Structure formats: C-alpha cells, structure tokens
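Peer 1: Protein chains in written order, with this note's numbering: chain A, 6 to 387; chain B, 136 to 384; chain C, -15 to 290; chain D, 3 to 307; chain E, 512 to 864.
You may find that some hints are simply not true.
For lysine-lysine, the following DSSO-like pairs were computed, each having C-alpha atoms within a straight-line distance of at most 27 Å [as the list claims (entries may be wrong)]: (1) A:K198 - A:K230; (2) A:K331 - A:K79; (3) A:K362 - A:K331; (4) D:K100 - B:K202; (5) C:K277 - D:K80; (6) D:K100 - C:K17; (7) B:K379 - D:K253; (8) E:K768 - C:K81; (9) B:K202 - C:K81; (10) A:K331 - A:K78; (11) D:K100 - C:K81; (12) C:K277 - D:K79; (13) D:K253 - D:K284; (14) D:K253 - B:K369; (15) D:K16 - D:K80; (16) B:K202 - C:K17; (17) B:K219 - C:K17; (18) E:K598 - A:K142; (19) C:K81 - B:K219; (20) C:K17 - E:K768; (21) D:K100 - D:K80; (22) A:K304 - A:K380.
Sample of chain E residues facing chain C (criterion: CB under 7 Å; computed from the structure) [claimed, not checked]: (23) R645; (24) N668; (25) M824; (26) G828.
Note that these hints are calculated values from the structure, not bench results.
Since the model is a prediction, treat every value here as computed from it, not as a measurement.
C-beta: ideal position from N, C-alpha, C; glycine also.
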Amino acid sequence: EKKSQTSTETPTPTGGPATGTAPQGGPPPASDVILLGEVGSLTGAQATFGISTRNGVELAINEANAEGGVKGKKLAVRVYDDQSKPEEAANAATRLITQDHVKLILGEVASTNSIAMAHKAQEAKVPMISPSSTNEKVTAIGDYIFRVCFIDPFQGFVMAKFAKENLKTTRAAVLKDTKADYSQGLSDVFIRKYTEMGGKIVATESYAQGDTDFRSQLIAIRSAKPDAIYVPGYYNDVGIIARQARELGIKVPLLGGDGWESEKLWELGGSAVVGSYFSNHYSPEDPSPRVQNFIAAYKKAYGSVPDSLAALAYDAARVGIEGMRKAGADDSAALRDAIAQTKDFPGVAGTISLDDKRNAIKPAVVVQVGDTTAKYVATITP
Amino acid sequence: MSEVQVIGTRAPREPLLEVEQLHVSYGAIRALHGVTLSLGKGEVVALIGANGAGKTSTLRAVSGMVKPHGGKIRLAGADITGMKSNLLVPRGMAHAPEGRGIFLNLTVEENLDLGAYLRVDAAEVEKDREYCFGLFPVLRERRRQLSGTLSGGEQQMLAISRALMSRPKLLLLDEPSLGLAPQVVETIFRILREVNQKGVSILLVEQNAHLALSLANYGYVLETGEVAMAGPGKELLQSPEIRKAYLGE
Amino acid sequence: MSDFIQHLINGIAAGTIYALVALGYTMVYGVLKLINFAHGDVMMVGVYFGYATAFQLGRVARTTLWGVLAIFLVAMAGCALLGFLIERFAYRPLRDKPRLTALITAIGISFALSYGFQLDFGPLPGAAPRAFPEVIQPTEWLVIGDREVVVWNWQVISLLIAAALMVGLQYLVFRTRFGRAMRAVSFDHRVAGLMGIPTDRVIAVTFMLGSALAAGAGILYAIKDTSVQPLMGLYVGLMAFVAAVVGGIGQVPGAVVGALLLGLIEEFVVGYTASSWREAVAFGVLILVLLFKPEGLFGRASAEKV
Amino acid sequence: MTAAGTGEPLLQAKDASIEFGGLKALQRFNLEIRQGDLKGLIGPNGAGKTTAFNVLTGVYRPTSGDILVCGQRVNGKKPYRINRLGLARTFQNIRLFKALTALDNVRVALLSESRPLFSADWLARMRREGGAMATVAAGLDAWNNYYDWWRALLLAPGFLREEEELTRRAEQLLEVMGLSHRRDEEARNLPYGEQRRLEIARALGTRPRVLLLDEPAAGMNTREKADLMVLIRRLKEQFSLGILVIEHDMKLVMGICEQITVLDHGETIAVGTPEKVRADRKVIEAYLGDSYLETHPEAGQEAAR
Amino acid sequence: MPETAALAAPSILPIWARGVTPVLVAAGALAVAQWLLGDSPFFVYIASIVGVNTILAVSLNIVNGMTGQFSIGHAGFMAVGAFISGKVSLAFGDTAIAAIPESASDQVFLVGSLLAGGTGAALFGFLVGLPSLRLRGDYLAIVTLGFGEIIRVIVQNTPSLGAALGLSGIPQTSSLFMVWFWVFLTVLVARRIANSAHGRSLWAIREDEVAAEAMGVDTTAYKVRSFVISSFFAGVSGGLFAHFVPIINPNSFTFVKSMEVVVMIVAGGLGSTTGAIVAAVALTLLPEGLRSLFTALGGGNADLAQKVDQIRMPIYGLLLVVLMLARPQGLFGTREVWDVLPRWMSRRRRSAA
Ligand SMILES: Nc1ncnc2c1ncn2[C@@H]1O[C@H](COP(=O)(O)OP(=O)(O)OP(=O)(O)O)[C@@H](O)[C@H]1O
Ligand SMILES: Nc1ncnc2c1ncn2[C@@H]1O[C@H](COP(=O)(O)OP(=O)(O)OP(=O)(O)O)[C@@H](O)[C@H]1O
Ligand SMILES: [Mg+2]
Ligand SMILES: [Mg+2]
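So here's chain A without its partners, still in its complex pose (with noise of 0.2 Å):
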C-alpha cells in the first residue's frame, strides 16, 4: 500500500472523464453497462491513497470503452469512500455487492481494508482485484482475491540487496512506521535479508504515520553512526524526515520503498532528500511508449504525473477488463479464472504474471531521486 498525490492545483473538474460513472440512481444498471465497483479512503487519515486509485481506475475504464467496452457493452465504476476504516471497507463493499450488483471490485490500498473487502468478496464469489495491497494475507482470504503489486517481502528483499551489494553498505540503521502494517512488513524483510547478507543493522527507530517532528528519533539514529537510513514510510512523513535528518547533519542516503513514489516527495523534501534511492514499481522515465501514453493521458486528466499507486490501479482495472474481454462479466467463476490465468501483462507498472497465490510476480526497480525527478538505476528481479 502507497500514498498518492492530488495536484496541488485543483483538478479540472471538465478535464476529468464524463462517462466513467454509476449510471443514474441506485436500481440494477442497464444491462448494456457493465458496473464495476472500487473501494477507497477518499476521506480521514489517507485520503490521499484513494484519490489517485480512484483516477486511475477511471483512466483504464474511459480508455476501454474508448476501445469500444466490453463485448460490446460500455464499462462503469461506482466509488465509494470508506474513510480509512475496515468496518466502513467491508460496508461499502457489501453494498457494492447486493445492491450496485457489480461484476468486479478494485480496491483497496491499505491491506487491513482490502482484507476486510476480500472477506465480503469472497463470499459472495465477487472477483477483486487489489491494486496495490501489499500484505500477504490479502490474497490469501480466498481464490476470488488478487492483486497486480508485488508483496512485502520482494521490495525488502531488494533494498537490503541494493543497499548491499551496490551501494556496498555495511552499517544500515531503520526508520519504520508503526501505524503502517505496510512499512512493518518491509522492514522486517529487510532487516532479515541485510544481516543474512553479512551486513549490520545499528538502529532501529520508529513513528506513527502523520508525524511531523522525527528529530528525536533521527538524533537516536545519528549516534549510530550509520551507511544508510532504510526508512520504508510514506513521501509526506519521508520528505520532511529528511528535511529534518540533514538539519541535524545526517547526511548518509535514505533508502525506501514505493511509498516514496510522488512529486510530492521533492515539494516536502526539497533538496533533502536529493541522492537517495527507492525501490517502485516503474519509473516514469521508462521510455516504453504504454507507459509515457499512460503519463500523458494521466496527465490530460488529472493535472499531475501519475503516482504508482495511480498506475498500479490502472493495471488492476486492465487486468479485470481483460478478463472481461476473455471470458465475460456475468459468469463470476470463468471471470474469476480469466483473470488467474494473466501472465506477462503489460502493465504500465511493471510486466505482470500471477502466481498460483494470486499475487503478481514482477520486477522491481529501484530509482534515485534527482533534483526533479526519480532516475532509473537498476532492476532486481525476483
């Protein structure tokens, strides 16, 4: 799970896609409309995650029936907010099910709320597709459950490798969110993977999402005296984390993980955070024509550059429709095995084939940030 970014200026309300809505009221839609359903925090602590899922699902879906739908039938979304809560997740999700009758769901962004859809989900044999939960957990619940992003583990895995072998650190101290089960996740790995590789973790600090005075804990870091910083956050705590690191002369790398993945990381961070790496599941500069067509009519829309989690929903959505196109939305158990067959699938986010556990086999790659934008520096495979 991620952080987005909204454009700082407001988004062009006519800009925006006109038909990638519920068609009107609550009834069954027409049934020459396919409804689909998304789930996201689009208020409370992250609004910011569902914003941009919420676009970038609506992108694929415009695009689609662009293409000219499904089978002939024009795509909808419904979207409903669930104020970052897993009883107001699994609610949304229920009543995305029994009354909008959708054929798919997409959604959600934090794990603890996908988890709590996937159960709704699965029971009543609704397709869903995770775009950017990373737990390992979410897939599990059931064979109706899937996601389009790596989990936990690889971008652990691939930073400890990173940092290892190609920044050749040998003294790695962590900064891990607590309140984020993500962040968690990947610090344990990574922890895990450094020491096996021989490396030594010094520090380990931590915080609570939405922090905004880290000192204490950077000022514990600093008498450790390490190589590298890993600190798997978000851009909004890491931005002004590293502000605050290099104020108090801290000046080895951060290391991260796809949460960095935002402009809003140079606006909070400014020149702080300039020479630090982060593992994503693109880069923007992929000079591949799907993605730079992806970031141009992202931009079109929304005003701003795509974040992964915009173009990690993206994908989820194309993954459902191209299930769609196989094997139709009426019958969920083909769609269900439609969808488990995706392999190599050119994602804007990374090529992605799902494994027997329903989870996305893909490579990472681990960027640095410049002074405007994230330069592509290697890519670790699986």
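Guided by the hints, dock chains B, C, D and E with the ligands onto chain A, whose structure is given.
Peer 2: Structure of chains B, C, D and E with the ligands alone, referenced to chain A:
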C-alpha cells in the same frame, strides 16, 4: 384579570419607572400576567407578596434579566422593554438579584470593583469602596478572600454593597434582609434610608413586610402574578388584609 | 549526554508550540467553559491562510521581515474573523443551554472544517499535505560540538513568543478590567450583565483573540514541521485541550506548563523508547498528575462552600 | 424506630473545632440533642453556624474534638454514612436536585427504604453498636445494594410494590410540607419559599432521628414564618425527632426553641433558655443590637438586673 | 425523569410476569425479523452497525446522562470488548459442542465470548471509574480520553492482537438477532435502572453531589457502578462488532469514535434513553443515506458522483450544528417515550371507557 384594590392617595411625583401590563413566563409556567406599577423619582416602592407571587420575576423583567412576553417598561420616559441588562446599567439601574449573584470565583474586592465596572472615576470608586467597607467591616477583613467561602450573610452584604458601587439612580433589591442578623438588617434599612435621601429611587422586594412598608412611600401587593393591592406604605401597614395575610396577625 | 540535552531542547520546543495553541484554547475555555473542539481546526485554517499569503508574496518577499509579518497578520486576522463567525452562529445561540450542547456544535464545526479542507475541488486544498514555505530560514542559533547539540532560531523565536504571550495573557486576565469582566462572565454571564458588562462583546473578543493566537501558533507549528495538511488540527487541538486541563482549567500559566510537560514527555518517550508508545505514556503520566492534583497543576480547589 | 429511648443523646458535639487556613471558624463547640429536643443556634453572620452544621454532618472534618451520632464517633465518616445513622439536614444556600421533580427529590432520599436482604432497622442497630459491628453492617449494606440492583433489573414483584409504596410515602411527605400541588414540577421552577419547604421534605425522607435546619424561614413572610413555627413543632412530634435550627428571625427562634446556643466568631458566647439568652449582654452586643432592647423591653429589664 | 406511570405502564400483565415477559416478546419478535430479513447481507450489516452504535450510546448515557460524569473514552471499552471476545472466539474457533447442531454451538460460544468481552471491559470500567471519585468534570474527561488512547496504543503495539494490520479470521457468527437482542437488553437495563431508586441516586449525583451525600447516597460507589455497567455493555457491543466485521483494527476505536458516541447521546437528549436510541440510529444511517441520495442525484453528473463520498463528512458536521441549534435540548430532552406513552394510553383508555 382581578380588580386592583387601591387604598389611600399617592403624592404626585415625576415618574422614573413605569411598568404596564407586564407578562413574564418561563417556558410553560406563567409567572406574571399583567403587572402594572410605577415608581416616582426619589421614591421607595415596596413589592410584597407570598412565595411565587412574582416579585422576583418583576425585578428580573425590569432589569432585563428575562425578556417579558408582553407589556411595556419605561425608565425616565424611555422605553426599555426587553433591553439587555448591560445597556440599563449606564441608565442608572442596579439590581441585587435573588440568590445574591455573587461571583464566587472572584475575591470580595473584585466583586465590588465589578459593581463599578462602567465607572471611570477611579478616585471616587475608591471612596465608595471604603464607604461599603465602612458599612460592613467584615468585608474589609475578607477583602482578599474568595467570595465563594463567605458565609451566607456576608455574601448578602457583598451583594448589596456591589449594587451601591455603581452609584445607581434606581436600585432594585430582592430580599436584601435575607439571611442577615437582626442588627445587620437594621443597618441595611438605615443605609437604604440614607441612599434614598441622596436621591436614589428604590424598588424593594422584601418578605419582612413590616420593615419594607414602613420604609416605602408606596407599596404593591402581588398575588399569583398580578397586583392585588396598592397604596402608601403606612396605610397598607394599617390595612387589616395585609396585617392578616403578611404580618400574621 | 549531548543527546539528552538535544532531546531536552527539542522537547521544550515542541512543548512551546503546544503551549501557544493551548494558550488560545485556555482563554476561550476559561471564559465559556466550552471545550472548543474546533480550536485545532481553526488553527489549521489559519495555517492555510498563511500558506496562501506566502505564495502570493512569492519566494523572495515572504522571507523578508515584512513578508513574515504579513503572513502572520493575514492568518491571524482571517482566523479572528472565522472565530467570530463560529462564536456568533454556532455557540452564542446555545449560551444558556447545557454545556455539552455547544460541545456538539464544536465537533460539528471541527468535522466540517477538517473534512471540508480535504476536498480537492473549488478553492479547497485537498487532502494531500503541502510543504510549508520556509518563511523563517532555519539557521543554527547555537551549536555545541560537532553539531551534537543544536538550537534552532525558530525554537528560540517561538519560545520567546510563548513566554511573552503567557505573561501578557496572565496580565490581561488577572490585572485588567477586561480580564475581570472575562472572569465574571465565565462565572455567570447573566449577572455579569447586571454589572454593565457587555457580555456578548467580551465573549466575542475573547473568541477572536483565541482564534488569532491559534493561527499564530499554527504558523510556527508549520514552520517547525515544514508542512501543512487538513488533519493537522485534530491532534494538536486535542493535545492543547489536554494541556489546558492538566494545567488547570482557565489557568494561563497552567496551560503553558501543561504543554511543556506534554512536549517533554513525548520527546523523551520517542527518543528513548518507541514513538508508538508516545500517546500511551504521555496520557499515563498526565493521568497520574491529575490523580495527585485533581484540580490540575495550577488549579485552585474550587471555592464552593456548602 | 420511634421506640428509641428518649433519654440517650442522639447527637453530641464535644469541643469540636475547625479552621480554614488560620481562620478559626468554629472553636470548642459543644452540643447535645436528644429525641424531642428543639434547640436553636444563632449568632451574627459569619459566626460559624453553617460551619457547625457542616462539621456535624461530615461535610468538613473537625480539626479537633469529636462528633458522636447515637453514641458513635463519626469524625471523618462520609456524610452519607452519618446520614444513615439518622442525621439529616437542609442547606442555607438551597441545594435541591434542580432538574428533578419535587416528587423525585423526595424519592431520592427514600432509597434507604427498599426492603432488602438484611433488614434496615437491624443494620441501623448494628451500626449504632459501632466498631466491628458497624464494619459488618457496611458489608451487609453492600450486599443489600447488589441484591437490590438485581431486584430492580428483574422487576421482582416485591420491588414493584415497593416502588409504589415509596411513591406513596414521598407524596405523603409533600403533603405534610404542603407541596402536593408541585408534585411534578421541576425543583428549580419552584419559588424560593417552596424550595425551602421541599428541602425539609427531602430531609425527612431519610427517616432522620435528628433534623438540622439552616435558616428554614429565610425568604418567607411573617405569616409564612408563623405557619412554619407550627409546622416545625408538629414535625418534631409526628416524626419523633430532635431538631436543631439556625435562624436569624428572633420571633421564630425565641418562639419555638427550648434552648439556644449563641456563636460569635466561632466561639460559644452563651447557652440557655430564650429568656436568658435574650437578656445576655454579650449576645445583645454581638448579635441582637441595642434597638432590640427598645423593641423588646422585657428583655431590657432582665438585662438590667 | 422517570414516572411512576412508567412502572404502571405494562400493568396489563400480572405483577410476577412483568420482569421476563418483555424479554420473551422481544426474543420472539427478533426471531421473526431474523427469519424475514436475515438473508439480505447489506441490510444485516447496516442493521448490525446501527445496533452496535445504539448499545454504545445507550450505555454511555448511563454514565454521561444519568450520573453526569463526563466520559469521552467509550471507544476504549468497546476496543477491550472487541479484542477480548475476538481472541476468545479465535481460541475456540474450531471447537464445537457435539450435543447440539453446529450453528447452535457457534451461538453458545459467541455469547460466551461476548460475556468475556463485556466482563473484561467492565473490569477496565471499574479501574477508570475509580479516579472519578477524586476528579470532576473535564479533569475526569481527560482520564477517560487518556484511557481510550492508551488501550488503542497497546493494541497497536501487540502483534498477538494484530498490531497495525488488525485481528482477522474471527468467526463471523454474529446475527441480526444477536445484535438486536443485546440492544434490547441494554435498553431494558438502562430503563429499569432509571425507574429504580438506583437511577434516582444516579440523577441525584448528577444534580448535586454534596446534597446527594447528605441524603444518604453513597456517591462514590454509585459512580463506579455506573462506569462498570456502562462499560460492560460497551464491551459487549465491541464483541458483537468483532463478530461481523471481518477485521478489527485499532483505528476503528480512536477517540473520534468516542466523540461520535458522545454526539449521539447529546443529540438525542442527555439522560434520555429514547433519545440515545433514536440519535444513534439516525446518525449512523445518515452517512449511508447521504450516499444513496448523492448517487441518485449525481448519477448523471460525473464530477459530483465522483466527489459524493468526500462531501458526506463535511455535510455531516454541518448537520450536527444545525441539529443542535434547532433542538438544543436534544431530540428528546430528558423525556422518554415510555413516560409519555403510558399517560397518553391511559388517557385513551379512560376516554374509551
Ligand atoms: N427560573 C424559573 N424557571 C421557571 N419558573 C420560574 C423560574 N423562576 C420563577 N419561576 C416561577 O414563576 C413564579 C413566580 O416566581 P418568583 O420567583 O417571581 O416569585 P417570588 O415572589 O419571587 O417568590 P419568592 O418570594 O419565593 O422569591 C413561581 O410560580 C415560580 O415557580
Ligand atoms: N471553606 C471555607 N474556606 C474559608 N473560609 C470559610 C469556609 N467556610 C466558611 N468560612 C468562613 O467561616 C466563617 C463562618 O462561616 P459560616 O457559613 O459558618 O457563617 P454562618 O454562621 O453560617 O453565617 P450566616 O448566618 O451568614 O450564614 C465565615 O466568615 C466564612 O468566611
Ligand atoms: Mg423571589
Ligand atoms: Mg450560614
């Protein structure tokens, strides 16, 4: 509405306070229905009546603590019906309310100074404070004590002093003798006489009908929210009804 | 050791910010006995005012003395107005009603503001945090050793401001006529009216003062933490409330001391254990404090005589 | 209940004193109330009368000296325990349960009535035993209470009858105090004088053996005071009480009290029959004032001798 | 205020039957409801949420409304109940009583775990109640608030309780019947307390502690008891919550949640159980209602439909303000239907006769 029984004659005076057909109710409870009374410049007018007759409600309405539902109140000719209390103080009204209304979280001295809130003449205020301390020496002893810890009677003294501190033209007193030692009660009535001689008009609610009526130029008897009887203090004191109903004879 | 000192300094700095918020809080609180739940959110709005102003001024202007002053003034004025409106339309009508009634409207306002600012259309900023421009260039004010102990200029600045405000408010409340009026109103506003005190105005002014203070505090807070986002008010507001109560309701110095205490506890918990225990320990300590001083640190035993 | 020996003192104060930061509000205060007594406590404002009540009823703990209720030492005991020993009071600054109806105000006081696991009288007797017995009584009391919670929750038949019984008794008490017409009015809406009477009704609800009245006549007119005098006497008989009255109205005090204690600055300056007290120089100077002599010549003559 | 009329109310019944009959009737009615509506997942889910909030509101009302102790940490007790009973159910997850059908034994275990949760919460209630003997008003509020936060933090840092991710896999054995039966019990208890000497003692404490003491009310004991009772039911509600929400997570029990409950009881009318119920139901359904409304309205307009769910919360806030301005004493003041109804009925009966 029942007939008002008027006895005796009233010496004509330039009216200061005129209340006409005053109606006050608290939610469902109708406290006053049509109270009419007047008070001339320099007069002492007493309001007596049984519990719940509406004496306090009348004062509250006059001093703007409650909004009347009907009727007119005029002060020195100007209509003040439903006006906020704090606008009446500059017009020379002071009200020592039922339950004393002491600021228990403030010291005795601060309470007195609040009485003079709108006054700017520091020196004069100082004088008046000394005057009050002169009247009630206890208060001087306790000037720095939180008034919350004063005894009931001491609080009563404080309430009256505070009312005097604003140098009012019209003084509304709700049962000033409540909970005071006999000696102090006399002091108080002596004071009232003094201030009245200085030209302050007084609207006095008092349970001790004897004291009240012997001080007052004119008196009204309230019964269940209406004026039942009116007349010069002395003559009311003589009237058999009063002696029976309020003096327990 | 040097770490300890640094923690001490940062703790005090953090506490100072809380103190600034708590001061505004405790004023309103002292007068209305109203738990002004929206205080933190008013602060948040103030920060956005400052943010907007800073942008209008542009890179250069906003770092000049006048620019900084302008930022503060605009924010404070804006919040004073906001505070006035809130008081006028959400609290005043409920003044004679049970105290909790106003608490609910306060919560309502708080929701409206904090969630409203999360919306990302119209003039609203959206949920994403923004970097607050460095209107005060952070510079070391004092450096010991190899940057082992650093005192930053903004830390000193906010400390001075807080100290000044504390003295000022204490004077206002206990030495001035207006202060006496405030305390009278807080005890019984109907009788206060009988003293000729313009109750409504006293309360309104107090409210505007409190809100303006919140805005000022908020900007210092944003400078310290270099960012601003719609939910920032929630936690700070809560902590301000806690500090104000622990210090003793309506006690100006109490609010400050309570806030400093809070700041120090948090800093040291985070510095020497795990930050995830911060609230727990902080509240644990505060509860203990209250058990030993039920009227708060500076609170006098209530003067109620039987 | 009534049968309790008239002889032995129900309430005793032995050299009770209390200070408030230097201020000696009450000094070496002595008093005895037996069943059927009707005594008065007077003195200038701030003399310490109400404070005396507070010390007797456990609101304040005496800094020295003893308070005995039914022969048992109660220093520092909680007010509600003292009340259950049979001591009830009214307050000078009326303290009714403002938002409750007149009826409920009285019914609150009646809680000790609920028919429990262990009989109330029985426990009361144990408490008066004092010492270990009292502790046991407290324990059993708790059980009574738990038991009673369940009866309330399960609406045990006995409980229902009792509730109706309680209501009836409450109504009777209102009747006695002449407040029946206010049964369902919220206490805060009653006029001052009626609030005072309601306080007395409430106090009687706790089945006291001694009743302390703090300025019961305040805010009543001469006529109502006259009625009150009669009422107080009647209460004493009807509920076989010992009564102690604080009052500034000499007519009332002198009229109904057999014995009067006079306080000044916390010190007891005189004790005795109305005649004696009224004639006491110290009392006249400190409290009654010379004019009192003028209005009551007979006192003057006595004083002269 | 409770009325003797309230007790006379079900006087159609013989006196010995009044205790249990309502319970039996309710059970029957709920069984039918279950049978009729039980198979609509969405309805059941919403109804369960509403039920849980109702229990919370009614129980908090015992402390805040009746006893006048200002508690703003109710979510804490809910959390305690949720995690304890959740853990219990996980422990007995796959055991079953052979003698009876599995579904039945599930319910038995559910009730068991609920009681466990309730008792645990009640224990904490006792602990939190103790300070109330020394602390008044907002000082006490801070303690309750602090307690709530402490609980949340502890859970967040305890892996065995799911830490940040939350506790999942709890058997989802709750049902419409179960939830609303507990709602009924809570209301019944609240009401019967209110109509007993105990309820009056609580009110006395709310009105004036000194006077209450002087009238023989053991204020300390009563304050603690009110805390214990109210937290017991809060705990049960938490337990129920854990058995129909797939995953429970500390973020569901923040002080914002506590505040929502306070809002409910004040909006309903402090001290009025009826009000608490109505407000709880209304305020819980409000966001869901707005959702339906907006989707209906915004169907055509893409942009609105996009923002709908974001606008709900600000609107919710404003509606609160409006509500309190319109009815400052709360929906019901301090009145109860069962105080008003019986008089009304008896009047009808009389007029009929
Ligand atoms: N705050 C209030 N709320 C509701 N009703 C009230 C209030 N104050 C007074 N009343 C009612 O108004 C009527 C008149 O009361 P008021 O206090 O004016 O009488 P009063 O003559 O002052 O009695 P007392 O001599 O006892 O002071 C009474 O019936 C009383 O019940
Ligand atoms: N809690 C307290 N703290 C400080 N001083 C107190 C406190 N309670 C009472 N006093 C002081 O003790 C003295 C006696 O008070 P008390 O109320 O007993 O007087 P009283 O005899 O009842 O007078 P009154 O007839 O006016 O009611 C008063 O001077 C009062 O200021
Ligand atoms: Mg009156
Ligand atoms: Mg007294």
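Peer 1: Now tell me, hint by hint, if it's right for this structure.
Peer 2: Evaluation of the provided hints:
Under the criterion of a C-alpha separation no larger than 27 Å, the hint pairing A:K198 with A:K230 is consistent with the structure, at around 20 Å. The suggested pairing of A:K331 with A:K79 holds, with an alpha-carbon distance near 15 Å, which does not exceed 27 Å. Annotation: proposed proximity of A:K362 to A:K331 holds, straight-line Cα distance about 21 Å (limit 27 Å). At most 27 Å may separate the alpha-carbon atoms for a hinted pair to count; D:K100 and B:K202 meet this at roughly 22 Å.
At roughly 21 Å between alpha-carbon atoms, C:K277 and D:K80 fall within 27 Å of each other, so this suggested pair holds. Between D:K100 and C:K17 the alpha-carbon distance is near 20 Å, which keeps this suggested pair within the 27 Å criterion. Distance restraint check for B:K379 and D:K253: the Cα-Cα separation of roughly 17 Å lies within the 27 Å cut-off, and the hinted pair is therefore satisfied. Between E:K768 and C:K81 the CA atoms are separated by roughly 24 Å; this keeps the pair inside 27 Å, and the hint holds.
Distance restraint check for B:K202 and C:K81: the Cα-Cα separation of roughly 16 Å lies within the 27 Å cut-off, and the hinted pair is therefore satisfied. Taking the CA atoms of A:K331 and A:K78, the gap is about 14 Å. The hint holds against a cut of 27 Å. At roughly 15 Å between alpha-carbon atoms, D:K100 and C:K81 fall within 27 Å of each other, so this suggested pair holds. Between C:K277 and D:K79, the direct Cα distance comes to roughly 23 Å. Compliance with the 27 Å bound is thereby established for this hinted pair.
For the suggested pair D:K253 and D:K284, the alpha carbons sit about 19 Å apart, so the restraint of at most 27 Å is met. For the given pair, D:K253 sits about 22 Å from B:K369 by alpha-carbon distance, which is consistent with the 27 Å threshold. Pair hint D:K16 plus D:K80 holds up; C-alpha atoms about 19 Å apart against a cutoff of 27 Å. Using a Cα cut-off of 27 Å, the hinted pair B:K202 and C:K17 holds, with the two alpha carbons roughly 25 Å apart.
Between B:K219 and C:K17 the CA atoms are separated by roughly 22 Å; this keeps the pair inside 27 Å, and the hint holds. Straight-line distance between C-alpha atoms of E:K598 and A:K142 comes to about 18 Å, which keeps the hinted pair within the 27 Å bound. A C-alpha spacing of about 18 Å is found between C:K81 and B:K219, which places the hinted pair at or below 27 Å, so the restraint holds. A distance of roughly 23 Å separates the Cα atoms of C:K17 and E:K768; the hinted pair therefore holds under the 27 Å criterion.
Restraint check: the Cα-Cα separation between D:K100 and D:K80 comes to about 23 Å, which is no more than 27 Å; the hinted pair holds. For the proposed pair A:K304 and A:K380, the alpha carbon gap of about 20 Å is at most 27 Å, so the pair holds. Annotation: E:R645 was flagged as interfacial toward chain C, and the flag holds, the nearest CB pair being 5 Å apart, inside 7 Å. Contact between E:N668 and chain C, as hinted, is supported at the beta carbon level, the nearest pair being about 5 Å apart and thus within 7 Å.
A cut of 7 Å between beta carbons decides the hint on E:M824: the least distance to chain C is about 4 Å, and the hint holds. Proximity of E:G828 to chain C holds as hinted, the smallest CB-CB distance being about 3 Å (cut-off 7 Å).
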